[in-house]
Amino acid sequence: MRKKIIVILGQTATGKSNLAVKIAKKVNGEIISADSRQVYKGLDIGTGKISKKEMKRIPHHLLNVVNPKKKFTVVDYKILAEEKIKEIIKRGKIPVICGGAGFYIDTITKGSVFPEVPPNIKLRRELTKKSAIALFLVLKKLDSSRAKNIDKNNKVRLIRAIEIAKALGKVPKITEVKPMYKFTKIGLYLPHNKLKKKIEQRVRKMFQDGLLNEIKKLKKSGVSSKRLKEFGFEYDNPTPEKVIKETLKYAKRQMTWFKRDKEIKWLDASKAGIIKEL
RNA sequence: GCGUCGGUGGUAGAGUGGUCAAUUACAACAGACUGUAAAUCUGUCGCCUUAGGGCUACGAAGGUUCGAAUCCUUCCCGACGCA
Numbered sequence: 001m002r003k004k005i006i007v008i009l010g011q012t013a014t015g016k017s018n019l020a021v022k023i024a025k026k027v028n029g030e031i032i033s034a035d036s037r038q039v040y041k042g043l044d045i046g047t048g049k050i051s052k053k054e055m056k057r058i059p060h061h062l063l064n065v066v067n068p069k070k071k072f073t074v075v076d077y078k079i080l081a082e083e084k085i086k087e088i089i090k091r092g093k094i095p096v097i098c099g100g101a102g103f104y105i106d107t108i109t110k111g112s113v114f115p116e117v118p119p120n121i122k123l124r125r126e127l128t129k130k131s132a133i134a135l136f137l138v139l140k141k142l143d144s145s146r147a148k149n150i151d152k153n154n155k156v157r158l159i160r161a162i163e164i165a166k167a168l169g170k171v172p173k174i175t176e177v178k179p180m181y182k183f184t185k186i187g188l189y190l191p192h193n194k195l196k197k198k199i200e201q202r203v204r205k206m207f208q209d210g211l212l213n214e215i216k217k218l219k220k221s222g223v224s225s226k227r228l229k230e231f232g233f234e235y236d237n238p239t240p241e242k243v244i245k246e247t248l249k250y251a252k253r254q255m256t257w258f259k260r261d262k263e264i265k266w267l268d269a270s271k272a273g274i275i276k277e278l
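Position 214 of the first sequence, counting from 1, maps to 214 under my numbering, and the rest follow consecutively.
Hints may contain errors.
[Stated by the list, open to error] Have a look at the derived ranges for each label pair, beta carbon to beta carbon:
(1) ASP261 <-> LYS70: 28 to 34 Å
(2) LEU168 <-> LYS242: 38 to 44 Å
(3) ARG253 <-> ILE89: 29 to 35 Å
(4) LYS271 <-> ASN149: 38 to 44 Å
What the hints contain is simulated information worked out from the structure, not anything from laboratory work.
Keep in mind it's a predicted model, so treat the numbers as computed, not measured.
Even glycine gets a Cβ: it sits at the ideal position worked out from N, Cα and C.
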């Protein structure tokens, strides 16, 4: 029988972490975070990282595992997460994946295998200087079939495709290896106005809790402002209004991603007693 | 009260006789997603539509003109200056 894994996903500020803890308690589970920024050390307030106290002694994995100066990618995530899953199951416990990064979650639940071409910083730096059209032409020469369905305006994608094509000759089709687990996906959602309110509260609290200080600290430790920008608005000279706006937009993009997944069972986060159906 | 400048779409803000349903930005809505994913990128964004067009629109009302967001008159509102 395939082992069971519970996945808690949803937009930011819907209360995923809390629910995950509750569920983990109930099923004797351990939590694996699926958050692309909470993997970094020192990004605590801005990413809404769960506190020790809130964890309620449930083990949490893939939080604070890398230095923010280093790059961490989906593939890194996949490797680590799969390792953790195995370990947890070995301990006779149930893995509970919890997070809002759809891309990260999918790579685990769908088992997508990405071409094994590590980022080539030098090449990227060079290619970034070129225009999207120029990049597109380069890719077309290297791999016309990938060029056919790539987004011509998206430089980030074009650059990665070129990077892969240069290394492998062409961009291989993505394959999916059926994972040997059975995933139960639970999506937490809030009605729009409630979500908005929640986000506003949450952001205001971040500022009270010293978000600006956290940013200062990161800068001091040598994290460049360009890098901080990559982590998102909270780390780029923020005001509460700005951060709220950006967070709302992000929440929107999250939903766009999740909507496609028909396996998700959606639960209204504002209603109590959600756990019983597990 | 006199004078000056200004009133443009959800907001900010261009446009100063035709090519203007109106540059652009933001917001809003929808979407994409092959190792950056809170990243990156796309579409829609006055109303109606059989998608070719049709209609109503740039504070209000009149006027000039073949034609006005753009010029003139009066009025209303705002900012500043002088009283």
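Is the gap between the beta carbons of ASP261 and LYS70 within 28 to 34 Å?
-> Once the Cβ atoms are compared, 30 Å apart, the range 28 to 34 Å for LYS70 and ASP261 holds.
LEU168 versus LYS242 beta-carbon gap, inside 38 to 44 Å or not = Since the Cβ atoms of LEU168 and LYS242 sit about 41 Å apart, the hinted range of 38 to 44 Å holds.
If you check the beta carbons of ARG253 and ILE89, does the distance land in 29 to 35 Å?
-> Holds - the Cβ-Cβ distance for ARG253 and ILE89, about 32 Å, lies within 29 to 35 Å.
Range hint 38 to 44 Å: satisfied by the CB atoms of LYS271 and ASN149?
-> 41 Å, holds
Comparing the model with each earlier hint shows no violations; every hint is respected.
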